[in-house]
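Construct the complete structure from the given sequences, taking the supplied hints into account.
The primary structure of each chain is shown beneath.
Protein chains: 4
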Amino acid sequence: MDNYYGPGRNHLFVPGPVNIPEQVLRAMNRNNEDYRSPAIPAMTKVLLEDVKKIFKTIAGTPFLIPTTGTGAWESALTNTLSPGDRIVSFLIGQFSLLWIDQMQRLNFNVDVIESDWGAGANLEVLGSKLAADTGHTIKAICIVHNETATGVTNNLAAVRKLLDHYQHPALFLVDGVSSICALDFRMDEWGVDVALTGSQKALSLPTGMGIVCASPKALEASKTSKSVRVFFDWKDYLKFYKMGTFWPYTPSIQLLYGLREALDLLFEEGLDNVIERHTRLAKATRLAVEAWGLKNCTQKEEWFSDTVTAVVVPSYIDSSEIVRRGWKRYNLSLGLGLNKVAGKVFRIGHLGNLNELQLLGCLAGVEMILKDVGYPVKLGSGVAAACAFLQNSIPMIPSRI
Amino acid sequence: MDNYYGPGRNHLFVPGPVNIPEQVLRAMNRNNEDYRSPAIPAMTKVLLEDVKKIFKTIAGTPFLIPTTGTGAWESALTNTLSPGDRIVSFLIGQFSLLWIDQMQRLNFNVDVIESDWGAGANLEVLGSKLAADTGHTIKAICIVHNETATGVTNNLAAVRKLLDHYQHPALFLVDGVSSICALDFRMDEWGVDVALTGSQKALSLPTGMGIVCASPKALEASKTSKSVRVFFDWKDYLKFYKMGTFWPYTPSIQLLYGLREALDLLFEEGLDNVIERHTRLAKATRLAVEAWGLKNCTQKEEWFSDTVTAVVVPSYIDSSEIVRRGWKRYNLSLGLGLNKVAGKVFRIGHLGNLNELQLLGCLAGVEMILKDVGYPVKLGSGVAAACAFLQNSIPMIPSRI
Amino acid sequence: MDNYYGPGRNHLFVPGPVNIPEQVLRAMNRNNEDYRSPAIPAMTKVLLEDVKKIFKTIAGTPFLIPTTGTGAWESALTNTLSPGDRIVSFLIGQFSLLWIDQMQRLNFNVDVIESDWGAGANLEVLGSKLAADTGHTIKAICIVHNETATGVTNNLAAVRKLLDHYQHPALFLVDGVSSICALDFRMDEWGVDVALTGSQKALSLPTGMGIVCASPKALEASKTSKSVRVFFDWKDYLKFYKMGTFWPYTPSIQLLYGLREALDLLFEEGLDNVIERHTRLAKATRLAVEAWGLKNCTQKEEWFSDTVTAVVVPSYIDSSEIVRRGWKRYNLSLGLGLNKVAGKVFRIGHLGNLNELQLLGCLAGVEMILKDVGYPVKLGSGVAAACAFLQNSIPMIPSRI
Amino acid sequence: MDNYYGPGRNHLFVPGPVNIPEQVLRAMNRNNEDYRSPAIPAMTKVLLEDVKKIFKTIAGTPFLIPTTGTGAWESALTNTLSPGDRIVSFLIGQFSLLWIDQMQRLNFNVDVIESDWGAGANLEVLGSKLAADTGHTIKAICIVHNETATGVTNNLAAVRKLLDHYQHPALFLVDGVSSICALDFRMDEWGVDVALTGSQKALSLPTGMGIVCASPKALEASKTSKSVRVFFDWKDYLKFYKMGTFWPYTPSIQLLYGLREALDLLFEEGLDNVIERHTRLAKATRLAVEAWGLKNCTQKEEWFSDTVTAVVVPSYIDSSEIVRRGWKRYNLSLGLGLNKVAGKVFRIGHLGNLNELQLLGCLAGVEMILKDVGYPVKLGSGVAAACAFLQNSIPMIPSRI
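Here the protein sequences come in this chain order: A, B, C and D. Per the UniProt record's numbering, residue 1 is the first one in the first sequence, and the count goes up by one each step. Per the UniProt record's numbering, residue 1 is the first one in the second sequence, and the count goes up by one each step. Per the UniProt record's numbering, residue 1 is the first one in the third sequence, and the count goes up by one each step. Per the UniProt record's numbering, residue 1 is the first one in the fourth sequence, and the count goes up by one each step.
A few of these clues could be false.
[Stated by the list, open to error] In silico DMTMM-like cross-links for lysine to aspartate or glutamate, where the CA-CA straight-line distance does not exceed 25 angstroms:
#  : chain 1 : residue 1 : chain 2 : residue 2
1  : C       : Lys-328   : B       : Glu-114
2  : C       : Lys-226   : D       : Asp-188
3  : B       : Lys-242   : A       : Asp-188
4  : C       : Lys-52    : C       : Glu-269
5  : D       : Lys-328   : C       : Glu-33
6  : D       : Lys-242   : C       : Glu-321
7  : A       : Lys-242   : A       : Glu-321
8  : A       : Lys-344   : B       : Glu-22
9  : B       : Lys-226   : A       : Asp-101
10 : B       : Lys-328   : C       : Glu-268
11 : C       : Lys-56    : C       : Glu-321
12 : B       : Lys-378   : C       : Glu-290
13 : D       : Lys-161   : D       : Asp-111
14 : A       : Lys-328   : D       : Asp-272
15 : C       : Lys-226   : D       : Asp-372
16 : A       : Lys-378   : A       : Asp-318
17 : A       : Lys-283   : D       : Asp-372
18 : D       : Lys-45    : C       : Glu-33
[To be verified] Between beta-carbon pairs, the in silico distance windows are:
#  : chain 1 : residue 1 : chain 2 : residue 2 : range
19 : B       : Thr-134   : A       : Lys-226   : 34 to 44 angstroms
20 : B       : Asn-273   : C       : Glu-290   : 54 to 64 angstroms
21 : D       : Asn-109   : C       : Pro-169   : 28 to 38 angstroms
22 : A       : Tyr-316   : B       : Asn-273   : 25 to 35 angstroms
23 : B       : Pro-398   : C       : Gly-374   : 48 to 58 angstroms
24 : D       : Asn-122   : A       : Met-396   : 43 to 53 angstroms
25 : B       : Pro-398   : D       : Asn-109   : 38 to 48 angstroms
26 : C       : Ile-401   : A       : Pro-398   : 49 to 59 angstroms
27 : B       : Phe-240   : A       : Pro-398   : 36 to 46 angstroms
28 : D       : Val-46    : C       : Val-125   : 47 to 57 angstroms
29 : B       : Phe-240   : A       : Gly-84    : 41 to 51 angstroms
30 : B       : Glu-290   : A       : Thr-224   : 50 to 60 angstroms
Simulated from the structure, these hints should not be mistaken for lab results. Here a beta-carbon is modelled for each residue, glycine too, at the ideal position from N, C-alpha and C.
Here it is as structure tokens:
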């Protein structure tokens, strides 16, 4: 079981799965239950109401699907679109690439707007396409809110503005896997039609629950979508919602109790405070990167991600060696560079139930690794820069004042 | 969290999700990990080898999919068959019904052989269909090994014999959700092409892992299947198997460690001893039912299920009331009657990591409930009958002799 | 770790340590904490108030000592008495024997009133001694409320009545190890001066916390007691209580949170309902023993214990073999006969967080063991007798009505 | 339960109780068991053998007592000495003070050798006393190996050398509470007669087990010691050791399994590597303190403690404010200054199952706190100094090479 044992805690800074707080581990430490007893439906009913808050939606309908982010993508697409439908999507990194690959394999007609890896979605091109599409052949805009591979956050409000400007009826589908519960996200205000995330990201749970939220317009679309689907079909969920039993098939009892606790922790801290904490941790990370003399993979400040920072290493260094060494020497888990940026970037995930001193331990570790691999970093420089900012901005813990 | 608190343990006798042994709860009580570190692939590699043993296959290729039994069904069908393909399947209860519904919604051409609820698959009709199908229009035989709704176990060896007799090349797809790890199951010997189960059944884990195992013939079929699929596509798994990273998307770290422990417990007890234990518990249950003067929903002994017993109640009793009362008064969770047998049967699940005294507590509880609802049971009669059999047949616990 | 693995749950029916409810296991599943932070004192303050409720005292002062019942005994004696002090105590079984042995080794002058094992404290003799002791040489009456070795409950109210009758100022010290939280116990009403219990008994926690509660009179006595003591000295606790930091040395963080949860569960069920549940389970057990044709070790009904039943076996059977066989064949843990009754009785503990179906599983197990060892029990007879009573008396679970 | 909730992990750097590794939490996550079944004695037998390794003794006899360090002290003293016996002991800080206080209250005749707080034991004075004591009135030398209040480690080998030099037969009793499993400790080589520690220190368990190890000479002394004792009496343990049942009263099942796992982790890492890790973490901490321009409370390098560093703050700062702020703003738990050094020092505990990046997070936190309270620290300076040393000295994790 512990074939790779090292003393002390693992420092988990991949951008997912992230650290699970002890409170959630406790809540999940339980036997199975009959999900057809009155307890689970009663609990589910409240969970479904509460989970809407993380999407900032009142009108939306959430689905808690026993699947991963990839499954949540499939659920979003197949319930709202029909084979052959034209989708405009943005290729800006590995996860947008994988989603587009899924769209194509699901037989949608994907109109890809590509950017450099490190840049955000090209909204100008989107604007042109919308302007040209007077016949409304575009059925959906699919966008990854936060591209986990490059640390790029896209401007969802701007996408909505364009759609509104052209009075375009396309559905607005958003992958919020590495954003929801960590970045500002406003489903109703931004007119998002389907938003989705995975339990192992900012919710700080184990993997296994894809959380999908559908606007009334998306639900309407699901009634006529011709995509073949069963496991991911919202119809079955809606049928059981109506019956009050809620589950078309067996949910994970442990994840339900875990979600309950995760939401309670989020609400106790306050969702806005949670988002502010992510902003703070991300800012500190970027200041460290700057102090090390390294480049952020993200090309412009407007796209900086507050959940993951992809750090570009000099060409004489293999970033995979940094990740390997973190694990082998420091019990530190960093994110690899993926695909086009493999070997070129390493990633620091700073999302979920995390605090400043945890991050500073990670940054100190990265400094030592950089030195290990031959980069002339000034030890302490990144931590110093981060601390200078954090010491000014960390709030008192409200419950302890 | 404990809105439905009652003192003592819940007695969980639904036919899934089942009791999780403490050893497995312990193994799962852990933080997330980076699934791209060397640890998880190394562990996965061994798990994939070991999981084959529960299918009794050497030739098969297993997939550990973050989904439920419903998703495992979809994986089995969409990877091996193309829309319009003719499937012969058996409708004998709620779960075979749901699988057939899935087949139809996935646009397969399902040739349904229906039996009474309580009877097994009609293999005579299957024989006729195979005999008549000289053109090999039947692409697959889909069968539920153990129908959880009625407590009926089908004879898989007999199905294989028929296929062989007619030298029919149809794929042989088996839902082993409530059988594998509890009933005798021989994938290679019986020429099963796809076998599947869910983690929350006889493996005694939480819900969340669909375990699917494909024969070489099924893998071959997957190369040409035209069914649209991404999340459930074996191709992605096979690609990552080849790379040695094993996971096309994020697995549940906790379920992997849980599976490791669950398999270790199975192997320590010995798979054949596990099966024998299920036979013993089932026999004891049926003897109790008989002693109560009630009827088993299963019509013939050859179909008796060793994982679940569906008990028929007299017409003046609503079986749902029995289940409700079990939960409300005795902290006992029994299975409801479903669909056609709703109100008419209640179900005792006796599968997974369970022992005799646990079952006897349940049987004593059922007796009291029967009395509660007005059935003139002789209290102690079922327990006496079960004990008479068990006292003669329970082996010593090998580790304690 | 699992060198003695057997499938399914262990059926734990020794009279302590007892089953820990899942809620308590969850609460204890946590890292250490700084016990000098504001959190632990704040929590302790409330715990000390709440723990008084299980003693039914308002005037008492509780101490949560990191020790076992044996240490709690020592704490009770050394804080209130001086070497050479005359104590009247009752020898009725193994635990009263051990306490008396402790008293003697602590250099008290113990005036022992002995009864047969199976009988209760001889209060007539006590009365005579009190009557004779006009000079008040008796400094304390020490009594075990419930003798765990023989299943005998003493009448504490009667002891108080005698003390009052003779206007005797002796301290009244009570071992409530296997009674408090399970049997009716009224510290203030009965004028108990020191009452004590251990966490692993009816509180259903792990071993490790000795809970001692002192009346104002006992506290007063502690100021002049000449017994040498440091670890068990109440003075250090009282000093830290005054300072508001509460702990003279490090407590178990996990047991504190466990105690919090255990008390919450007790209060949720209602202490009187908890006691009634114990009465019910004990009655059911005695009815089973009777049905088996066996004798209760307890000689008179007035002494019947509602937390443990000691069952006398025929002389041709070795009761230790019953216990061994329970463990080796049925994963059932029963209590051995101790000392004078070794080989002659086995014990069924029915205390703590336990429900009826758990007990019935145990009773069914005992029947099979009896058969195994050659006693001509009618299988099912005990369960039938227990069920007949329970089916009439088990209340609905309030939270589930 | 979470009245003091703050996001992310608590950074626990008090010198005990310390962080519990996840492996140990898992091992302890279990129901109670019958401690009279064959399983617990079998496990205990091996534990007693294995626990000797942490003392580096072959000749010693260990006792696993359900108590704290304070109780372990009492066990050491009362089993080996008689009231009135002359003890030479060293007063160098709060814990040596408390032990001396205990000795006095237990009626021993304590000959105290006092040093400044921050200095080690004055061995010159000890030498004179031994030289003068030709009549062997000194029955024991009692010394705290590592004074947790001031971060001072005493030289035990030198004490032994003095005893040998003067051929003095005094018993050599050592408090190894904050040293054993973290600092070099050699019971047999140094002729230690009683050594003791507590589970919540370097063993990284919850509080609740006092581990005491007695040399043959100490055992011999226990036969004639006239100190009154029962709970702490070794005699009872030895009696049960002989019987092979091992426990005179109920142990904590959870702590036994926790100890098993804790020892397994220690042995897997290698006790010498564990000690080296403590040396490394301590050195890094001292380098940080130096870089901050602050003084170590420990007056000479020879006394530097590798488990706790007491940092002296400038007189214009209240060190308690540093500890308070750590908790309130950074979720960092530091040790308060105690007694004579209250308000003057704060303490960083760096013992137990801990790694470098955890420590660096703590050091970064301390820097920010220092800034918060008005000390003109150069942010990053301590971390830089620590990293410069660590990056050169951290070994690869053997299991991951």
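Hints not upheld, ascending by number: Those not satisfied are hints 1, 2, 3, 7, 8, 11, 15, 18, 20, 22, 23, 25, 26, 29.
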